[in-house]
Each structure stands twice: as C-alpha cells, then as structure tokens.
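Undergrad: Going line by line, the protein sequences match chains A and B. Here this note's numbering is used: the first residue of the first sequence is 1, the next is one more, and so on. Here this note's numbering is used: the first residue of the second sequence is 1, the next is one more, and so on.
Since the hints were made in silico from the structure, they are not lab data. As the structure is a prediction and not an experimental result, all values here were calculated from the model. Any given hint could turn out to be false.
[As the list claims (entries may be wrong)] Subject to a maximum C-alpha distance of 25 Å in a straight line, what follows is the list of computed SDA-like cross-link-like pairs (lysine to any residue):
no., chain 1, residue 1, chain 2, residue 2
1, B, K272, B, E154
2, B, K315, A, E71
3, B, K272, B, E250
4, B, K315, A, G54
5, B, K272, B, S151
6, B, K315, A, V17
7, A, K6, A, A34
8, B, K272, A, E23
9, B, K272, A, P36
10, B, K315, A, I12
11, B, K315, A, L48
12, B, K272, B, R164
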Amino acid sequence: MANILKLGPGAIIGLIVGVFLAEWISFGDPAYRASPGYLAAVLVAALLVTALYGFVLIPLVARLRGASAEEGDPGETPD
Amino acid sequence: MLRGIFAAIVVAALAGCAINEPAPVEAVMVEPVEAEIIAPSDAPTGSVAGPDTTAEAASAGGGGGWGGVAEEQDCGFGCRVRGMGGIFTASRSTAEIGPRLWASRAFASRGTMAPAEFGGYGIIYFPGNTASASEAGRVAMFCEAFRTLPSVNELETPPESIPRSQQFVTIWPLRGADDVLELREAEAREREALRRGDAAGAEMAEDALCAVAATGYDRNDATRAAQDAGPDAAFSGRGPYLLAWAPGAEKGADSKVLELDLSQVNTSEEAKRDLRLWATLIEGDRAVWGSGFSTARLAFVFRRWIDGTASSVLKLLG
Chain A
1 MANILKLGPG AIIGLIVGVF LAEWISFGDP AYRASPGYLA AVLVAALLVT
51 ALYGFVLIPL VARLRGASAE EGDPGETPD
Chain B
1 MLRGIFAAIV VAALAGCAIN EPAPVEAVMV EPVEAEIIAP SDAPTGSVAG
51 PDTTAEAASA GGGGGWGGVA EEQDCGFGCR VRGMGGIFTA SRSTAEIGPR
101 LWASRAFASR GTMAPAEFGG YGIIYFPGNT ASASEAGRVA MFCEAFRTLP
151 SVNELETPPE SIPRSQQFVT IWPLRGADDV LELREAEARE REALRRGDAA
201 GAEMAEDALC AVAATGYDRN DATRAAQDAG PDAAFSGRGP YLLAWAPGAE
251 KGADSKVLEL DLSQVNTSEE AKRDLRLWAT LIEGDRAVWG SGFSTARLAF
301 VFRRWIDGTA SSVLKLLG
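Construct the entire structure; sequences and hints are all you get.
TA: Here it is, written out as structure tokens:
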C-alpha cells in the first residue's frame, strides 16, 4: 500500500502531462474531447509518466541518497 | 533530478521550435510579391524551410510553376503530406488564402464548382470501383461521414454567410447533372422526413442519396485530380484518399497538397472521426500543411496513431 501511495505524485504529474498531450493533439477541436483517442492519450501518458516516476526516478533518488549518506558517515571522518 | 528532466524537456521543446522556424513564414507573408520573384535555387539557404529542401531544389534547378520541386513526406500511419519544399510557396499560399478557412463539402458534377472560387479545394478519391457490390457498403459509410461536413450552400447562406473564397471545399465528384439532381431530390426527401420527425424515412432518403453518390461517382474526374497531386502519386491502398490544394486556384502538382489516406478505416465511427480530423487539419494550424518537421505534424502523427489504437488501449486498461 505504501509503495502504491509513493506513486501518487507521479500519477498526478502523469495526468497533467496527459491532458496537455491530449489537448495538443486535439488541434483545438472541442468535439475530440469526447473521443476514445483523447482518453487513450491521457491514460497512456499518465501511465508512462507514473511508470517512469516509480521505476526510474524513485530508485534513482533512493540510490543517490544512499550514496550521499555513506559519504557523510561519521566513522569515516578524520578526527 | 526532476529539475534535470524538466530542463531536458524544455531544451527539447526549444530545439523543436528552432527546427520548425515559424518566423520566416510571417516575414515572407508581409512581402509575398518579393517571394514570388525568387526561385528556390536562387534563394538564400537560411530562408529555406528544411535542410533537404535546398538539396532538392538545387538538384532540380527549379521544376514547376514556382520553380521548385513537389516533394512527398511520409508522416507515418497512413498520412502523407506533399507539397513544395520551399518556404516561398507556403508563405505565398498563406498570404493569398487569408487568415481563416472553413471546411465545407459538395456533391458536384464537373465544371460546376471551379477550384478558383474557393480558398482551398479538395477531392475524395476512391481508386476502386464505387459502383461494385463489394464496395457499396464502404462507399455508403464514407458518404455518411462526408455529409457530416457542412455543405457549401449551408455556409454561404445566413447566418454563416461565408463566401466561397473563405471556404476549403472537399468535392465528391459526380458524373452528370442528372446525378446531382437525383441527389438533391433525395436530400429534399431527407429534410422533409426530418421535419416530420420520421427517422426511418430520413435514413431511407440518406441511403438513397448515398446510393446515387456511389453509382454516380465520377472516377475519371477524381483520377485526374489524383494525377494533379503529382506524377509520383501512389495510391496503392483501397482508399479513399482525401486530396487538397490551397489556394484552390492553384490546383495542380505544384500547389500545396494535403493528403489523407483512409484505407485503414473500417467502421462508420472511424470514418466520421477521420472526416472531422480532415476538417480540423483544414481549419486548424497550417504548420501541418507544409513539408519538413513541425510540432503540429508531430501532433497529427501521434493523433493518427492514438486514434487507431485507442480502442485496444482502452480495452487493455479495462
């Protein structure tokens, strides 16, 4: 559950990116908003961004934090 | 890290805008006459839309009326956009056409709708025999979708009152005046049925109308128009193809042509969706008309792809 909740920000960013993408491909046609293509564009973009966030960004940040914590280990510092 | 990703996106977007080069179009729009004088082979490299254009123009030494080369660009997923590579044609057309065009349609026999009257001129081209039993259903489907575009008369009459010079018409060519007459009668019957609230009657009238449109389809006229799209035009799919020239007066291989292949369309919904896309391409961002890279073209290619796969994607996602 906690892991799913971690994806929240990624999902929100994904939805925003998805809506922007769908608006871009609609060429200003309001009727297109009701089409399956619009919904599919939003969902595909949201999924991709969430996946990138969850599987790339979060592990990368965790690894970078781990590395910086090791660097800041008090046992390694000189007297 | 997030900052880095956003920076990369911004850099990519700026790079896309730089390739798109919208500024020269506006610059030439101000002085269309000057643009007309210069042939692409004499043009300074910096004012040409894309890097490949210069090479093509130079190798051909100025081919058509504009002294340039008709080129074809495959934008994928059944879309081909053809037109002149030089920036001059694009800007000249834009200057002549005016700021806004409205998509319209007409069933017309040869000679009744002169391309020169319209801001833009298009045609629906069926490479196969529209009168054959195997194609009847498909032709009727496209006829119904075609009729979702507003007719020339509808736009000309109040309250719209849009002159033909501001319309981008798409023609369904018919062989003779008899076919047009028969079609008008069916249209009148449909209107009458709708006034009475007789949905079945209206549907029958529309079926009759589309039957006339299929049997009366002028394949010779459409084939000639397809040949106007250029000598290297290839229509290998089952079609139909939507072909367009702008401005209408310049209909021919050297004028800018927008081409939409509807061979992959199989359902009535898809046909209506693609005709709506056609209208959007006509009325929307003109960057998609030209050749070379543009963000609008990218959006168009992505939309064609997502529209084609939307049902499977949504099914997959439940």
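Undergrad: Does A/A34 lie within 25 Å of A/K6 when you go C-alpha to C-alpha?
TA: This hinted pair is violated, its Cα atoms lying about 31 Å apart.
Undergrad: Do the alpha carbons of B/K272 and A/E23 lie within 25 Å of each other, as the hint requires?
TA: 20 Å, holds
Undergrad: Holds or violated: are the alpha carbons of B/K315 and A/L48 at most 25 Å from each other?
TA: 17 Å, holds
Undergrad: Does B/K272 pair with A/P36 here, judged by a C-alpha cut-off of 25 Å?
TA: 13 Å, holds
Undergrad: Straight-line Cα separation of B/K315 and A/I12 no greater than 25 Å?
TA: Satisfied, since the Cα-Cα distance of roughly 22 Å is no more than 25 Å.
Undergrad: Check whether the Cα positions of B/K315 and A/V17 lie no farther apart than 25 Å.
TA: With a Cα-Cα distance of about 22 Å, the restraint between B/K315 and A/V17 holds, given a limit of 25 Å.
Undergrad: Between B/K315 and A/G54, is the straight-line Cα distance small enough, at 25 Å or below?
TA: The hint holds at about 24 Å.
Undergrad: Hey, B/K272 versus B/E250, does the alpha-carbon distance stay inside 25 Å?
TA: Status violated; Cα separation ~28 Å.
Undergrad: Can the restraint linking B/K315 and A/E71 be considered satisfied, given a maximum Cα separation of 25 Å?
TA: This hinted pair is violated, its Cα atoms lying about 49 Å apart.
Undergrad: Verify the proposed pairing of B/K272 with B/R164, using a straight-line Cα cut of 25 Å.
TA: 24 Å, holds
Undergrad: Is the straight-line distance between the alpha-carbon of B/K272 and that of B/S151 25 Å or less?
TA: 15 Å, holds
Undergrad: Would you check the hint for B/K272 and B/E154, treating anything up to 25 Å between C-alpha atoms as holding?
TA: Distance ~19 Å between B/K272 and B/E154 Cα, so the pair holds.
The structure fails hints 2, 3, 7 (numbered hints given earlier, in ascending order).
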